[in-house]
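Student: Residue numbers (our numbering), protein chains in the order written: chain G, 1 to 150; chain D, 1 to 166; chain Y, 1 to 371; chain W, 1 to 216; chain F, 1 to 432; chain V, 1 to 100.
It is possible that part of the hints are untrue.
[Stated by the list, open to error] For lysine to any residue, the following SDA-like pairs were computed, each having C-alpha atoms within a straight-line distance of at most 25 Å:
(1) F:K302 x G:R25
(2) W:K48 x Y:Y47
(3) D:K162 x F:I376
(4) Y:K89 x W:R75
(5) Y:K54 x G:D97
(6) Y:K297 x W:K115
(7) F:K75 x F:L21
(8) W:K179 x Y:Y47
(9) Y:K178 x G:T31
(10) D:K162 x F:V164
Derived from the structure by calculation, the hints contain no laboratory data.
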Amino acid sequence: MRERLRELFLVDLLRGLRLTFSYQRPSATYTEQYPLERPPVAERYRGAPRLNNHPSTGETLCIACNPCALAYTENLIVVGWERTSDRKKMLTTFTYDLSRCMFCGLCEDACPVDALELTQDFEVARYSREGLIWDRSMLEEGPEPTRYTR
Amino acid sequence: MAFLILSMAALVSSILVITRRNAVHAAIWLIVALLSVGGIYLILQAEFLFAVQIILYVGGIMVLFLFVLMLVNVDASVRQAPFNRQWPVGLGTAVLLLAEMAYGFWRGGAPLAAAAVSTVAPAAQGNTQAVGMALYQNYMLPVELASLLLLVAMVGAVIMAKKRLG
Amino acid sequence: MAEATFLDSNELLVNMGPQHPATHGVLRVKLRLDGERVLGSECVIGYLHRGVEKIAENRTYAQFAPYTDRMDYVAAVTNGMGYCEAVEKLLGVELPPRAQWTRMILAELQRIASHLLWLGTHALDLGAMTPVFYTFREREEILNIFESYCGARLTTHAFRIGGLQYDLYDEFETDVRKFCDYFPGKIDEYEQLLTTNRIWMERTQGVGVLSAEDAIALGVTGPVLRGSGMHWDIRKAQPYEAYDKVEFDVPTGEHGDTYDRYLVRIQEMRQSVRIIRQCLERLEPGPIFGKVGKIIKPPAGIEVYHSIEGPKGELGYFVVSDGTVNPYRVRIRPPSFLNLQALDKMVRGHLVADVVAIIGTIDIVLGEVDR
Amino acid sequence: MTDEPKSPPNGGTSDKPVQRAAPAGPVTSPQKPAATSPPKPTPKPIVKPEPWASPLLEALQERFPGAISDALIFRGQAFFTVQKERLIQVAEFLKSEGGGSYCLLTDETVVDYPKREKRFEIIYQLYSFERNDRLRMKVLAGEAETVPSVTAVWPAANWLEREIYDMFGVVFEGHPELKRILLPEDWTGHPLRKDYDILRQDPEWVRANLKIESGQ
Amino acid sequence: MAATQEVARFLSDHSLVEATLKIVVVFAVLSGLVAYLVYLERKVLAFMQARLGPMRVGPWGILQPIADGLKLLLKEDLVPAGADRTVFLLAPVISVVAAFSVFAAIPYGPGGWTITNPNVGILLILGLSSLGIYGIILGGWSSNSHYPLIGSFRSAAQLVSYEVAAGLAIVSVLLIANSLSLVAIVQRQQQMGAWNVFLNPVAFVIYLIAGVAETNRNPFDLPEAESELTGGFHTEYSGFRFALYFMAEYTNMVLIASLAVVLFLGGWLRPFESVRWLSLLKYAPAAALVGAAVFVLWLGLKSRVRAERIFFAALAMGCVLLAAVVAMPAVLEAIQGVFWFTVKVMAILYAFIWYRATFPRYRFDQLMTVGWQRLIPLALSSLIVTAIMLVWTGQRLAPLLVANVLGGALTVLILSARQDSGRFRTIEGATR
Amino acid sequence: MIPFQWCLFLSVGLLTVGVIGVLTRRNVLVILMSIELILNAVNINLVAFSHYFRAVTGQVFAIFVITDAAAEAVVGLALIVALFRNKETVNADEMDLLKW
């Protein structure tokens, strides 16, 4: 009988209506106005790659050892180097093909010297495929962060 | 003036009804004709009938027509000849009919028009009320019969249009 | 569709998908109709086929792990966990407790996230447009936890063979606890919108009935099987990780219809919260990596099948080793693939509008079906 | 992917050309554990499959003498090989109550050993709800041989066998509609065979259907 | 010549100019209202779904309707191959004309606040609004595509079925009012001192449900169920013609709401007119404007964009000024009726949006079941009960109300008696 | 004011057109529509007489005619649907069998 009465007076529907009504309070809004307010990204976020320089000397930390290129077989990292006179490896070029990257972090894991790092920058979209192939200077300076204005 | 326009519209669209190849177009023209006739009712101060015409004819029967028209495959009939083989006979019969009517008018039209009371303002009570009173006082039995007719038609239609099982 | 749809008593072939709002991706269903009633169906799949199993043969064991995330892309953590466990089983590695509890917490969170996505889209298919926004809001919280833990939200690559890549971040426990505290209230809200709603009941009750016998015969697993009344959950039947040390119930349906499957999944979310709470209690500092070498190179000629209870059903990995660093063969047993096979059985005799509900209730992810 | 962008000429391609690591043998899989982990290559001795002994196996051998071979167990997972001709009977027996009611066919797949005489090893993963037990059954088949379909025993095998046909080209006899399932109907080759080159994925088909040059 | 004389008389007629003016005003206001109804719907839906809705075009997205309209106007007007071109182009026009023409007979306020008051007003409205079906059927048919065809069939079937229920609900109001004229219906409610919703709540509920169904809105939005039929009858339409359909649809919403207000909620009447101490409700228009000003000011204060702050401040200022004007006794008296009419219409429109945010969608056969097997018997029983009570006790509030509620409840119970009561299921996790 | 005869002329015109339609068209649906035209012609007459002779009876009869038209249309259309299902045609001259 109770059930019947509830059905008769549309209680089930009214409960739903009450719920949606209560959500109209401004504090319940969950939207982030993305370009206006940039969402905070976690510390461990795996975003655009960066090739770190030494903070004080400005020299690259990369020792051109190559495991990053081998860590991931999508063949997206190409490390170029040459031997110096004392048979040490010197990094010359470093290309990173973001169009093939799936941000798994294996290359970062492989780097023994914290040179290659996936940063918190997540805006890596480009207008061309070529724009996604980052060379060494791009990797060292990082992408230009997009500025949004209204 | 308005009467002339409306009656011309009714006549022209009714001619289009019977000449269009595509039955859906014919139905659309029929709707126009019916609306014009409804307008004539309005001019003749039959507001209730006007409303009934629109609701029942235009809003009900013609929707049904369109429904059925779209259900049955009209593509084939569009390509076929719209008229049947004995159309000259039909046309002749119609012309004969027209002639007969004309004769009737010629002989009896004038006295009829003379007998017509010149129009005056409608009765104080609304047209709807008058019709309603007439329907439910003088014509009670026909109303009941009409409702019975509708019921029978409905049942018959359902039975006929139903898909056979098995 | 022929013009004379409604009058013909002939059969009629209708194509649903692969671009259709209600097929959840690139599924194409060929429906044989009598009017609006479904006489039979045939699924055409493979639009998202990427040859994951072939890729596995050309990658090392560790390198293949990120690819598993891309199969059931709404439950990446569970996929990765299954794969890592399969390889660990192959190697005979034991995990330290902290790694096990962490994996369980994340896997259960992922189960909730997957169910939330299912709930939202399923409701959307049936015309309730609001739940999807609510469920995505809660799913967002889970994804935030994932992001803080491993740096990615969707394709997490959260675990490594032998343990965890990262230890938990500092606020992990507070975050998860907070989620566990407020989430059951949100489930109540979804239920207010749907469970007792008469329209929802009419749309789902008695629709897509699948008996337990049929379900087993067709290889259906997971919530769909449980909705048909089979009390079977791999976490209970053949516990992996440390599921034998936590208490939880296995919800089962009775009628095997869409409504029961809906209730089962709702209950499963509650149970997952329960598991997570217990895991949090047991979580203690300690090592997070088992004894695995730098190079994973199992001996030749051994093979192992390992399956876990994914959000969609039994997710199995069959790994064969030939003694090199690359697996000789990795076979993935996708739950959605076999569950989708039951679609034909379920849609027969229902209306076209029910097909939408039934596809929704199987909870398929085409990335997993096609691999 | 065959001609990948080389590093610029001055980049020392001398001793280590950049290359995919696929079959390159002892290239390190750069696992960098966060916590301490012992660096020794094999953590503990790995057991080999051992002979399997169980009442079920005895019953099987008794009912189907000579049909069962190579009954082994590894990591608690039992498996055995069945003669192809007796497959259906064995399957029916296993599904029946006397055989342990293995009524759920969890998976059916193939491992391809092209060097063996019978290159295809068809694998059936069975599960019994009553015994809460998994069982692995194998059937060997050569290149051009057909295998009896188990769809009559376990309807779940329908799509699984179609997938096997699609990926390996194993033909199942008695399957209701054996056609490709994941790949297009006019695809040539069976990609999961070991001798199917991943780099030559039917460029003809790609050109005809996708109107592009194969990207591989 | 008689005709020319007639034309001359027609033109010099004072009432003709007045009517034209009114038509223009009503059309303009209605178009604006419809455009902003879409905005309102998006916003309210968004808030109910914990979102913000349109935010990009103008402050808080208030220019969104203009942007949408411009976009639709500038879009290519596609006619699918194989379509019946003339009919295809004509169909949306029929829809829109039918939807707009009906507003001629709606009384927005007392006295001159109506374009025309025909004595068969309600019949006229029902008739004209039923012409909208042609827009739907012909549009779906002429598209020469399957989904629109099915969509249009569903739509038309739905419209026709639910019109019966709505019509029956209206008839019980007509019985109480004793007239077909909308003005007379409102006046009768004034005389009775009670709105019809209190005399016959069952009919009101039926009318509301049927109204939702007639406007093809959730939970009865099957013709446009995108998860099944992509877009319904207007799938193939684009650009301006799509906009016409869109307008027709939302105009119909306004129409259903207006009719509900006139028939059941006392039209232009102020609530509690007979209660003396509540007569300060008279100042509600001014108060509403002040409230709007405060709200706008609050929005402006929250905004971080300078231009927006200025805009909102100006808007608030305008509202306050308008409030001052409105507060003048003469103006207040004049707009009283229209104000309350609008408020009630907006409330019902809000309810329509609210339903959309909350309910799932019915299946087509269930929709028909609800229409034919629930609503129509209920409406019939309500009609019979009303008629009996009118004859028996006359037009008195209490007996009518009690009898209608009891009759309605009884009917529902009888109707649902056949249903199994085991619908409410729960599943608890079982440990075994 | 409108002369009485005009109404009658219109009525005759509609009637003739309707008769032509009934007699010459092949499509059963169009024939049905022509019948509706004839009925409308009758109605115009009835309403006109009712108006000019100030008797409401004509309108009452017009209402009966409309009722009849509705019944006729419903049954006719149902027949056509049933016929179409069996014969796949809507042409009158092909429906020449006494059984189906």
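Student: Each hint should be assessed against the structure and marked as holding or not.
Tutor: Results of checking the hints against the structure:
no., hint, in the structure
1, F:K302 x G:R25, "15 Å, holds"
2, W:K48 x Y:Y47, "40 Å, violated"
3, D:K162 x F:I376, "22 Å, holds"
4, Y:K89 x W:R75, "8 Å, holds"
5, Y:K54 x G:D97, "23 Å, holds"
6, Y:K297 x W:K115, "22 Å, holds"
7, F:K75 x F:L21, "32 Å, violated"
8, W:K179 x Y:Y47, "16 Å, holds"
9, Y:K178 x G:T31, "20 Å, holds"
10, D:K162 x F:V164, "22 Å, holds"
This entry does not satisfy hints 2, 7, going by the numbered hints stated previously.
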